[in-house]
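Below, each chain spelled out in residue letters.
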Amino acid sequence: MREVTLIIDGRKVTVPDNFFIIQAAREVDIHIPALCYDPSLEVVGACRLCLVEIEGSRKLQAACSTRVREGMVVHTESDRVVNMRKEILRLLLDNHPNDCLTCQKAGECLLQQYAYRYDVKFREHSGAKRPSYVDTSSPYILKDDSKCILCGKCVRTCSQVQDRKVLSFAGRGFNTRIVLDADFTLEESSCVSCNRCVTLCPVGALVDKRLLGKGRLWEYEIKEVKCKVCEYGCDFEVLVKKGKNIAVRAKEPGKGRPLCLKGRLTTEFMYLDNPERPYIKENRQFIETTWKEALGLKDMLDKLLNYEDEEMGVEYNG
Amino acid sequence: MARIIINGVKYEVDDNITILEACNRLGISIPTLCHDERLNPYGACRLCVVEIKGRKNLEASCTTKVRDGMEIETHSDKVIRARKEILDLLFSNHPEDCLTCEKSGDCKLQDYCYEYGVERGTYLGEKKDYPIDDSNPFYIYDPNKCILCGKCIRVCSQLQGTNAIGLENRGFKTKVATPFNMGLANSNCVSCGNCVAACPVGALMPKKRIKHRAWEVNMVRTTCSYCGVGCQMYLLVKDNQVVGVEPAEGVPNHGLLCVKGRFGYSFINHPDRLKTPLIKRNGKFEEATWEEAYDLIIKKINEIKDKYGPDSLAGLTSARCTNEENYLFQKMFRALIGTNNVDHCARL
Numbered sequence: 013m014r015e016v017t018l019i020i021d022g023r024k025v026t027v028p029d030n031f032f033i034i035q036a037a038r039e040v041d042i043h044i045p046a047l048c049y050d051p052s053l054e055v056v057g058a059c060r061l062c063l064v065e066i067e068g069s070r071k072l073q074a075a076c077s078t079r080v081r082e083g084m085v086v087h088t089e090s091d092r093v094v095n096m097r098k099e100i101l102r103l104l105l106d107n108h109p110n111d112c113l114t115c116q117k118a119g120e121c122l123l124q125q126y127a128y129r130y131d132v133k134f135r136e137h138s139g140a141k142r143p144s145y146v147d148t149s150s151p152y153i154l155k156d157d158s159k160c161i162l163c164g165k166c167v168r169t170c171s172q173v174q175d176r177k178v179l180s181f182a183g184r185g186f187n188t189r190i191v192l193d194a195d196f197t198l199e200e201s202s203c204v205s206c207n208r209c210v211t212l213c214p215v216g217a218l219v220d221k222r223l224l225g226k227g228r229l230w231e232y233e234i235k236e237v238k239c240k241v242c243e244y245g246c247d248f249e250v251l252v253k254k255g256k257n258i259a260v261r262a263k264e265p266g267k268g269r270p271l272c273l274k275g276r277l278t279t280e281f282m283y284l285d286n287p288e289r290p291y292i293k294e295n296r297q298f299i300e301t302t303w304k305e306a307l308g309l310k311d312m313l314d315k316l317l318n319y320e321d322e323e324m325g326v327e328y329n330g
Numbered sequence: 203m204a205r206i207i208i209n210g211v212k213y214e215v216d217d218n219i220t221i222l223e224a225c226n227r228l229g230i231s232i233p234t235l236c237h238d239e240r241l242n243p244y245g246a247c248r249l250c251v252v253e254i255k256g257r258k259n260l261e262a263s264c265t266t267k268v269r270d271g272m273e274i275e276t277h278s279d280k281v282i283r284a285r286k287e288i289l290d291l292l293f294s295n296h297p298e299d300c301l302t303c304e305k306s307g308d309c310k311l312q313d314y315c316y317e318y319g320v321e322r323g324t325y326l327g328e329k330k331d332y333p334i335d336d337s338n339p340f341y342i343y344d345p346n347k348c349i350l351c352g353k354c355i356r357v358c359s360q361l362q363g364t365n366a367i368g369l370e371n372r373g374f375k376t377k378v379a380t381p382f383n384m385g386l387a388n389s390n391c392v393s394c395g396n397c398v399a400a401c402p403v404g405a406l407m408p409k410k411r412i413k414h415r416a417w418e419v420n421m422v423r424t425t426c427s428y429c430g431v432g433c434q435m436y437l438l439v440k441d442n443q444v445v446g447v448e449p450a451e452g453v454p455n456h457g458l459l460c461v462k463g464r465f466g467y468s469f470i471n472h473p474d475r476l477k478t479p480l481i482k483r484n485g486k487f488e489e490a491t492w493e494e495a496y497d498l499i500i501k502k503i504n505e506i507k508d509k510y511g512p513d514s515l516a517g518l519t520s521a522r523c524t525n526e527e528n529y530l531f532q533k534m535f536r537a538l539i540g541t542n543n544v545d546h547c548a549r550l
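Residue numbers (this note's numbering), protein chains in the order written: chain A, 13 to 330; chain B, 203 to 550.
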């Protein structure tokens, strides 16, 4: 692989020639804002927030989808770029509920982070806003369409797993929405509650429902753990508040693994002080169940207990 | 001792304490915006109301003392309804800008709205609309975010003793103000920032040199280096840079700081800050090790002493040192060097 050298904000960077500008910038700790970009996903260039100015190029270019070239001179925070970003953020906020006061995502919401960084506030306007459609049918995921910014990260991560591909775009223009299967609820759809989409959603449109009302992100001490269900070990976080393990949430899947509900429930059961009752989906309905059932240990536990009894019996007789 | 029942559980607590104090000691959390252990009870925010059996009205737990046989409910439906109503009223007259508010993440109003599920202010009507006072070089006052808990005023008068601010007007028009509304810069405010530390919302905020949100910083506890008192404080660190200071509770300062400790931190990451001693060689200052510097000092002192006598030397020490360090310094001058020429900057 060839290496190229370019200049980003006056700093020289040498990277492989298949890098995108956004990746090259991160090499020198320059964080170009982006809502739809994630290193684990296919690049789509949807949010336009990563626009940068490249000398010799008339238009601003998306840093997430423009490859580096030898001798390129890039400006990531020029007035032109910053004004454009502010405008994009303003438009996104125009169509977003103003409820950071109690929003579960506050503290790690990218829209909030960038609005703060570029000092953009909500505007009063009399135009239409996305309808507030909240899907509360799943015990694991809360989907709030009014907060969605249509970055499509959830759709892309869901489609990476062959037998899932549950999420997709529906409708056009202002009415575009993210739907499950043929516009089913989380419960009725084929969603397996793996939370891949939740881990990538940059805003509060998809949140972990088992965290709801338990605390704000800044109150937690976070312990990083690996799932122990299979040998790949997907990343999970245990959220600790006032010395108590309050909740578990999924993070990045292990290499080649999809994240799964069993892993999540097992991690909950292992680490939490008071794990909530588990639910499993049967015939497209969530049913409250026992931990034995949820973790698939029922047969084994019953056998184990019987077997121990028998063993003890033998010992006594002997 | 008083025997009381809180939420159906029997406790024995000291008499002569308030219900709020009793609950704090027992680990029962009661929300409050205007209470501060260091100040006299005030009973302004009414958020700490509790239900007491036999009493018609809800009582503010911060101003009601426990009495033998009292039966208290801290989270009954009636209490929760009242708290929600108070939060709703407060937020209805509060700017909706948690999106970019500098206090977000460390705001009591935000915390309680989350805890009690108050998602928005439902009372639509007039909102406060005052100009922001940013005349003080270190902090701003935004009256529109003020909830009139009065903590700032009480800290300024009861603890700091400066009396720079007070409440003016009545009812909806009540506002924290400086005398004759001349602004903080023209008041007798000494910029200690103790009101800023006490403010539960974003009405009083330090001016930030580097933008940061409450959840992005690490709090590192340390001792203020400006004088020998040894005030305890937290340095707010973001990306290995000190971006702010907050006072710490406990001795000796009990959550108070002065203008230097609170706002004079930018030297820490300043590029011109000296990190090693400099020795002048061939007319130019060069970086040296501490050993080299001390050797040079000793050598020069001995040279001067031998040539001109001990009284040709004088020592001036600093108020930034502790008592013990100042004692050692005068001892060094009197006993080792042999002169009484020693003084301290605080006497000048």
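Treat each hint with caution, since some may be false.
[Said to hold, decoys possible] Taking CB as the label site, the calculated pair distances span: (1) B:TYR436 x A:VAL55: 37 to 43 angstroms; (2) B:ARG227 x A:LYS310: 43 to 49 angstroms; (3) A:ASP21 x B:ILE503: 46 to 52 angstroms; (4) A:ASN286 x B:TYR436: 27 to 33 angstroms; (5) A:LEU103 x B:CYS429: 51 to 57 angstroms; (6) A:THR26 x B:GLY229: 54 to 60 angstroms; (7) B:THR425 x A:CYS242: 45 to 51 angstroms; (8) A:ASN95 x B:SER337: 28 to 34 angstroms; (9) B:SER337 x A:GLU54: 50 to 56 angstroms; (10) B:PRO339 x A:ASP21: 49 to 55 angstroms; (11) A:GLU305 x B:MET421: 56 to 62 angstroms; (12) A:ASN286 x B:GLU287: 26 to 32 angstroms; (13) A:LEU103 x B:LYS440: 28 to 34 angstroms; (14) A:PHE181 x B:HIS456: 55 to 61 angstroms.
Treat the hints as calculated values from the structure; they're not laboratory data.
The beta-carbon is built from N, C-alpha and C at its ideal position, and this holds for glycine as well.
Hint check results:
no., hint, verdict
1, B:TYR436 x A:VAL55: 37 to 43 angstroms, "holds, 42 angstroms"
2, B:ARG227 x A:LYS310: 43 to 49 angstroms, "holds, 46 angstroms"
3, A:ASP21 x B:ILE503: 46 to 52 angstroms, "holds, 51 angstroms"
4, A:ASN286 x B:TYR436: 27 to 33 angstroms, "holds, 32 angstroms"
5, A:LEU103 x B:CYS429: 51 to 57 angstroms, "holds, 52 angstroms"
6, A:THR26 x B:GLY229: 54 to 60 angstroms, "holds, 57 angstroms"
7, B:THR425 x A:CYS242: 45 to 51 angstroms, "holds, 50 angstroms"
8, A:ASN95 x B:SER337: 28 to 34 angstroms, "holds, 30 angstroms"
9, B:SER337 x A:GLU54: 50 to 56 angstroms, "holds, 53 angstroms"
10, B:PRO339 x A:ASP21: 49 to 55 angstroms, "violated, 31 angstroms"
11, A:GLU305 x B:MET421: 56 to 62 angstroms, "violated, 44 angstroms"
12, A:ASN286 x B:GLU287: 26 to 32 angstroms, "holds, 31 angstroms"
13, A:LEU103 x B:LYS440: 28 to 34 angstroms, "holds, 29 angstroms"
14, A:PHE181 x B:HIS456: 55 to 61 angstroms, "holds, 58 angstroms"
The structure shown violates the earlier hints numbered 10, 11.
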